[in-house]
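Novice: What follows is each chain in one-letter form.
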Amino acid sequence: MNSFQDKVGWYIRHFKREWQIYAMLAPAIIWFIMFLYQPMYGLQIAFKDYSLFKGITASPWVGFEHFETLFSSDQFMRAVKNTFIISGLTLLFGFPAPIILALMFNEVLNQLFKRTSQTIVYLPHFISTVIIAGIVITAFSPSAGIVNTALGWFGIEPIYFLSKAEWFRPIFIGSGIWQEAGFSSIVFLAAIAGVNPSLYESAMVDGASRWQMIWKITLPSILPTILIMLIIRIGNLLEVSFELIILLYQPATYETADVVNTFIYRQGLQGGQYDLAGAAGLFNAVVAFILVMTANTISRRYSRTSLW
Amino acid sequence: MTNMNLYSRGDKIFVRVNMVLLAIFTLSTLYPFIYIAAVSFSSGFAARAGVVVATPVDTTLAAYKFVLSSPEFWQSYLNTFIYTIGGTLMSLALIIPAAYALSRKQLVGRRFWNLMVAFTMWFNAGMIPFWLNMKDLGLLDSYFGIIIGFALNAFNIILLRNFFESIPESFEEAARLDGANEFQVLWKVFVPLSKPAIVTITLFCVVARWNGFFWAMVLLNDEGKVPLQVYLRKIIAELSDDQEFSATLLNAPYSVETVTAAIIVCSIIPVLLFYPFIQKYFNKGILLGGVKG
Amino acid sequence: MKNYRNTGGNTMRYLTLTAAIAATLAVSATSPAFAETDHKIVDKPLELKIQMNHKRYPRYIEDWPVEIQARKMTNIHLKDATIGANARTDENSGKTEALNLMLASGSIPDIVGSSRIKDFVNQYGPEGAFIPLNDLIEEHAPNLKAFFEKKPNVASALKAADGNMYYIPYLPDGKYGRAYFMRTDWLKKLDLKAPETVAELETVLKAFRDKDPNGNGKKDEIPFFARQWPELIRLVTLWDGRSSGSDTYHDFYVDEGKLKHPYAGEGYRDGISNLARWYKEGLVDAEVFTRGSSSRDYLLSENLGGMTHDWFASTSGYNTSLEGKVKGFEFKAIAPPASVSGKRVEEHRRIPIKPDGWAIGHTNKHPVETIKYFDFWFSEEGRRLANFGVEGQQYTMVDGEPKFTEEMLTNGKPINNQLYTVGAQLQARGYFQDYNYEKQWSNKFALEGIALYDEGDYLIDQFLGVAFNKDEQKVYDKHWPSIRDYMLERQQAWVLGTGDVMADWDDYMKQLNKMGLEKVLAAMQSAYTRQYGG
Numbered sequence: 001m002n003s004f005q006d007k008v009g010w011y012i013r014h015f016k017r018e019w020q021i022y023a024m025l026a027p028a029i030i031w032f033i034m035f036l037y038q039p040m041y042g043l044q045i046a047f048k049d050y051s052l053f054k055g056i057t058a059s060p061w062v063g064f065e066h067f068e069t070l071f072s073s074d075q076f077m078r079a080v081k082n083t084f085i086i087s088g089l090t091l092l093f094g095f096p097a098p099i100i101l102a103l104m105f106n107e108v109l110n111q112l113f114k115r116t117s118q119t120i121v122y123l124p125h126f127i128s129t130v131i132i133a134g135i136v137i138t139a140f141s142p143s144a145g146i147v148n149t150a151l152g153w154f155g156i157e158p159i160y161f162l163s164k165a166e167w168f169r170p171i172f173i174g175s176g177i178w179q180e181a182g183f184s185s186i187v188f189l190a191a192i193a194g195v196n197p198s199l200y201e202s203a204m205v206d207g208a209s210r211w212q213m214i215w216k217i218t219l220p221s222i223l224p225t226i227l228i229m230l231i232i233r234i235g236n237l238l239e240v241s242f243e244l245i246i247l248l249y250q251p252a253t254y255e256t257a258d259v260v261n262t263f264i265y266r267q268g269l270q271g272g273q274y275d276l277a278g279a280a281g282l283f284n285a286v287v288a289f290i291l292v293m294t295a296n297t298i299s300r301r302y303s304r305t306s307l308w
Numbered sequence: 001m002t003n004m005n006l007y008s009r010g011d012k013i014f015v016r017v018n019m020v021l022l023a024i025f026t027l028s029t030l031y032p033f034i035y036i037a038a039v040s041f042s043s044g045f046a047a048r049a050g051v052v053v054a055t056p057v058d059t060t061l062a063a064y065k066f067v068l069s070s071p072e073f074w075q076s077y078l079n080t081f082i083y084t085i086g087g088t089l090m091s092l093a094l095i096i097p098a099a100y101a102l103s104r105k106q107l108v109g110r111r112f113w114n115l116m117v118a119f120t121m122w123f124n125a126g127m128i129p130f131w132l133n134m135k136d137l138g139l140l141d142s143y144f145g146i147i148i149g150f151a152l153n154a155f156n157i158i159l160l161r162n163f164f165e166s167i168p169e170s171f172e173e174a175a176r177l178d179g180a181n182e183f184q185v186l187w188k189v190f191v192p193l194s195k196p197a198i199v200t201i202t203l204f205c206v207v208a209r210w211n212g213f214f215w216a217m218v219l220l221n222d223e224g225k226v227p228l229q230v231y232l233r234k235i236i237a238e239l240s241d242d243q244e245f246s247a248t249l250l251n252a253p254y255s256v257e258t259v260t261a262a263i264i265v266c267s268i269i270p271v272l273l274f275y276p277f278i279q280k281y282f283n284k285g286i287l288l289g290g291v292k293g
Numbered sequence: 001m002k003n004y005r006n007t008g009g010n011t012m013r014y015l016t017l018t019a020a021i022a023a024t025l026a027v028s029a030t031s032p033a034f035a036e037t038d039h040k041i042v043d044k045p046l047e048l049k050i051q052m053n054h055k056r057y058p059r060y061i062e063d064w065p066v067e068i069q070a071r072k073m074t075n076i077h078l079k080d081a082t083i084g085a086n087a088r089t090d091e092n093s094g095k096t097e098a099l100n101l102m103l104a105s106g107s108i109p110d111i112v113g114s115s116r117i118k119d120f121v122n123q124y125g126p127e128g129a130f131i132p133l134n135d136l137i138e139e140h141a142p143n144l145k146a147f148f149e150k151k152p153n154v155a156s157a158l159k160a161a162d163g164n165m166y167y168i169p170y171l172p173d174g175k176y177g178r179a180y181f182m183r184t185d186w187l188k189k190l191d192l193k194a195p196e197t198v199a200e201l202e203t204v205l206k207a208f209r210d211k212d213p214n215g216n217g218k219k220d221e222i223p224f225f226a227r228q229w230p231e232l233i234r235l236v237t238l239w240d241g242r243s244s245g246s247d248t249y250h251d252f253y254v255d256e257g258k259l260k261h262p263y264a265g266e267g268y269r270d271g272i273s274n275l276a277r278w279y280k281e282g283l284v285d286a287e288v289f290t291r292g293s294s295s296r297d298y299l300l301s302e303n304l305g306g307m308t309h310d311w312f313a314s315t316s317g318y319n320t321s322l323e324g325k326v327k328g329f330e331f332k333a334i335a336p337p338a339s340v341s342g343k344r345v346e347e348h349r350r351i352p353i354k355p356d357g358w359a360i361g362h363t364n365k366h367p368v369e370t371i372k373y374f375d376f377w378f379s380e381e382g383r384r385l386a387n388f389g390v391e392g393q394q395y396t397m398v399d400g401e402p403k404f405t406e407e408m409l410t411n412g413k414p415i416n417n418q419l420y421t422v423g424a425q426l427q428a429r430g431y432f433q434d435y436n437y438e439k440q441w442s443n444k445f446a447l448e449g450i451a452l453y454d455e456g457d458y459l460i461d462q463f464l465g466v467a468f469n470k471d472e473q474k475v476y477d478k479h480w481p482s483i484r485d486y487m488l489e490r491q492q493a494w495v496l497g498t499g500d501v502m503a504d505w506d507d508y509m510k511q512l513n514k515m516g517l518e519k520v521l522a523a524m525q526s527a528y529t530r531q532y533g534g
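Protein chains in written order, with the numbering used here: chain B, 1 to 308; chain C, 1 to 293; chain X, 1 to 534.
To be clear, the hints were calculated from the coordinates, so they are not data collected in a lab. The C-beta atom is built at its ideal place from N, Cα and C for all residues, glycine as well. Careful, some of the hints might be misleading.
One side only, chain C facing chain B, incomplete, derived with CB under 7 angstroms [what the hints assert, rightly or not]:
1. Phe33
2. Leu94
3. Pro97
4. Gln106
5. Pro129
6. Leu152
7. Glu182
8. Ala197
9. Ile268
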């Protein structure tokens with residue numbers, strides 16, 4: 001009896017004291033509700049035979065039919081497999097790359113070089129994917145590309161890289177990393193800027209080398225940022241740069257190149273087939289979310305850093 | 001900045017090797033921009049034939065003349081500035097307080113609020129429901145709609161919140177002893193200490209707005225309100241149609257490729273100029289620098 | 001560039017006003033007044049709302065001279081009510097975002113016109129979003145009725161699965177699309193004549209490869225190249241195979257009333273086997289799968305490419321543009337070489353009916369007037385208006401035929417672009433094109449080539465597509481995309497040499513059937529019979 005009144009009393013006192021925090025939070029929460037949560041009734045499209053004309057409410061339910069359609073296709077499962085593999089490899093190589101880049105920038109003493117170089121490396125992010133793809137195709141072309149030209153110096157025959165399934169993943173992942181590493185490193189540059197410089201000075205006095213300082217000072221200091229980015233990245237495991245794949249792949253490389261989004265695109269599912277696309281999207285989201293929850297829980301337990 | 005003379009020999013080599021590797025990487029990432037610039041100054045025919053490598057071929061200003069003489073280009077450029085500046089300011093006004101609030105341990109239901117924010121990173125309703133929602137809110141075809149409809153995203157909030165969480169409590173306590181309320185703590189303590197993080201999310205907002213294309217295209221009906229990227233896509237669609245199907249650009253001094261390149265160059269220049277401005281915030285020593293107790 | 005988009009601009013209004021006045025004066029000065037009143041549909045001006053997503057223009061522009069003229073002639077005013085004006089349809093992916101948005105917003109205007117409207121109206125028409133046109137045409141649209149009676153195939157191709165016609169299409173005129181092109185100057189240099197048979201073609205290609213026709217001492221010639229790699233596959237017709245039955249790649253075809261797929265035929269198998277051999281021997285561009293759209297520009301201007309299969313108009317244009325650059329350059333159309341069984345075939349032709357056009361929304365309160373308006377564009381004057389623009393402005397009548405003004409033909413701007421800006425050649429409007437409009441500005445080399453092909457009569461029948469009902473659609477969606485992917489993967493592998501089509505063929509056919517090819521063909525057959533009869 002009393003505990004209920006106590007609880008209410010506690011809440012009232014709490015709000016009197018802390019109302020400012022809630023005032024700061026409220027606009028954002030309202031925004032999320034108004035713009036992102038309100039339309040979420042649309043997620044039910046994945047379970048309906050959706051007709052734009054009839055509208056969401058009037059469209060009939062079909063349960064898990066769309067999911068069945070997706071899963072029963074061999075090629076969908078192959079696309080899922082490719083998505084995980086490509087994404088996993090990108091995570092393995094592409095996640096550390098911006099961190100390493102940021103660390104490297106941190107070791108540059110010449111300020112002019114540092115600033116110029118930082119500005120340049122983040123440019124490819126702004127060049128549209130079509131152009132990047134064009135550059136990559138030219139670079140790997142058997143007749144005039146620099147890669148084959150360089151191989152020629154070693155007496156190796158030209159390879160028609162982009163027609164071979166086994167080369168697709170390295171080229172695609174490499175291009176992606178090269179395009180995005182600079183821009184992605186900015187987050188880590190910001191984190192490194194927050195590290196107390198006196199830590200480095202005292203370490204130098206103790207005779208530590210720069211290499212040791214990276215491992216013992218810089219990395220541990222930016223660990224929370226790294227973990228947060230990692231969790232988010234894991235959540236994006238099923239998102240692979242669809243546009244770049246479309247531009248680089250060929251039927252001859254579908255075997256390793258086809259991912260969920262390109263598979264759906266080829267099904268002709270981008271013109272009005274919102275229900276099937278919605279089912280695939282929901283599948284993506286659920287899997288991603290489970291992965292994130294797992295990563296988040298592990299991270300919270302062992303490092304006190306977590307998304308929520 | 002540390003004095004290199006104090007470095008050991010091993011460290012000096014380390015620094016040099018580091019610079020060489022960075023230089024190579026930098027040159028490779030510079031290439032696409034050089035390529036685009038070269039294409040933009042080349043003749044249409046050369047660009048179509050794919051013979052442009054790093055320098056203009058059959059140099060001409062035709063592409064730029066075409067682009068810069070179009071009033072829609074300038075209008076869309078202006079629109080992009082409106083959306084970018086307006087959007088970023090609104091975003092910061094909403095994100096900074098929210099991230100602060102979410103980082104406070106005394107927030108009731110903290111995990112719930114954070115989850116509510118994070119959840120939206122993976123689950124979204126899809127294009128049609130979002131559009132219908134904007135329509136119901138009366139935000140179709142308006143500058144304000146574009147600015148407010150995309151003002152927040154979970155990623156930036158989480159990033160900033162994370163940074164706030166890493167600020168040592170000692171700074172906060174000093175301010176509270178002086179009797180500061182939450183707003184003052186945020187404004188006088190956290191914001192100055194978080195300049196790198198705030199600058200980073202500002203950059204992300206700016207970049208997202210600058211490149212923003214899809215929703216502007218779908219939500220805006222009036223062509224006078226579209227940003228640069230939408231205009232770019234439109235020109236590409238029209239010129240591609242000319243080039244591919246009617247062969248009408250065969251003898252023109254420009255082509256889809258050169259015009260696209262010219263527009264991209266025009267849209268990258270502000271980006272190139274913006275980043276150096278904020279780079280100074282990434283310098284070390286901010287923490288020590290200017291913070292009153 | 002000239003644009004009528006800024007409808008708020010006073011200058012533009014002034015110009016269009018003067019143009020309108022001039023047009024009125026011109027018309028009344030040069031032709032009898034009856035031409036204007038003949039087509040009046042209503043006594044008092046009637047306003048109809050229209051959504052228009054043309055790939056060139058995001059909305060319907062009420063100031064177009066063609067619209068103004070049509071208004072005078074029919075008394076029907078079209079008012080723009082376009083939603084999603086900036087989300088124009090994407091030709092490549094068939095995305096119809098704007099139409100989707102319009103439907104989702106719940107307000108369908110009186111008339112809906114768009115590129116790529118066919119699948120859209122055939123899906124939502126049966127659900128009630130659009131009014132079926134069959135009876136309306138029967139009773140109120142004499143021009144359309146006559147047109148469809150003359151071309152029953154087109155009428156059938158238009159129908160949705162429920163047998164109704166929901167849109168009036170844009171119908172291109174002109175038969176030819178792509179043709180075989182060859183460096184006839186190289187032929188002369190090597191003292192060869194245009195190949196008449198497949199065997200002769202192979203000899204010519206080998207000569208291009210070995211005898212250094214570009215005279216630079218290097219064996220760098222690329223005998224056959226293609227901007228789009230399925231054009232390489234099209235060469236299987238030389239071995240009596242097929243590559244597609246329609247204007248789209250990898251499409252089905254009809255053989256004596258039966259639906260078949262070209263990639264499951266024995267002629268195709270033989271063709272691929274030979275193409276793989278040609279590829280290996282260097283008679284085909286090694287980078288044909290990735291070189292893409294720059295092939296023509298690059299290989300022709302660098303004097304490396306010998307032969308291709310590509311669009312008449314644009315390919316012929318290189319004769320003019322490369323005249324100075326490459327000495328003696330001559331890239332002309334040659335007749336298709338005879339296949340192994342002696343048949344000369346040009347498999348590609350222009351599609352006679354496009355999925356672009358316009359439809360009547362279900363909320364339209366004046367369907368009779370609207371169909372009469374649609375019908376107007378199929379009358380003689382209406383057709384001329386849609387194709388050539390306004391008399392006295394864009395063209396004048398010379399010997400009973402419309403001829404573009406000197407100004408238009410010589411001002412350096414492409415004719416069709418000029419027509420778009422006045423509201424003519426609007427492909428989201430349902431009209432019948434007139435090839436004469438194109439002929440007047442076609443490159444003389446293209447016209448020569450077309451005459452050559454006309455003489456030989458090399459074209460074959462086309463598959464005009466089917467409209468599925470729900471069950472057939474399910475079968476198609478479930479099986480076809482994977483089957484198509486598999487076919488393409490094998491195709492590329494065989495050409496590149498990582499497989500042997502002859503050895504793999506039986507397993508390949510077994511796999512196709514396992515994946516459901518026969519089910520797909522059955523579904524298509526059932527739709528085909530229903531649509532075109534027997």
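Novice: All hints, please: hold or fail.
Specialist: Each hint tested on the structure:
| no. | hint | verdict |
| --- | --- | --- |
| 1 | Phe33 | holds (5 angstroms) |
| 2 | Leu94 | holds (5 angstroms) |
| 3 | Pro97 | holds (3 angstroms) |
| 4 | Gln106 | holds (6 angstroms) |
| 5 | Pro129 | holds (3 angstroms) |
| 6 | Leu152 | holds (5 angstroms) |
| 7 | Glu182 | holds (4 angstroms) |
| 8 | Ala197 | holds (5 angstroms) |
| 9 | Ile268 | holds (5 angstroms) |
Hint compliance for this structure: no hint is broken.
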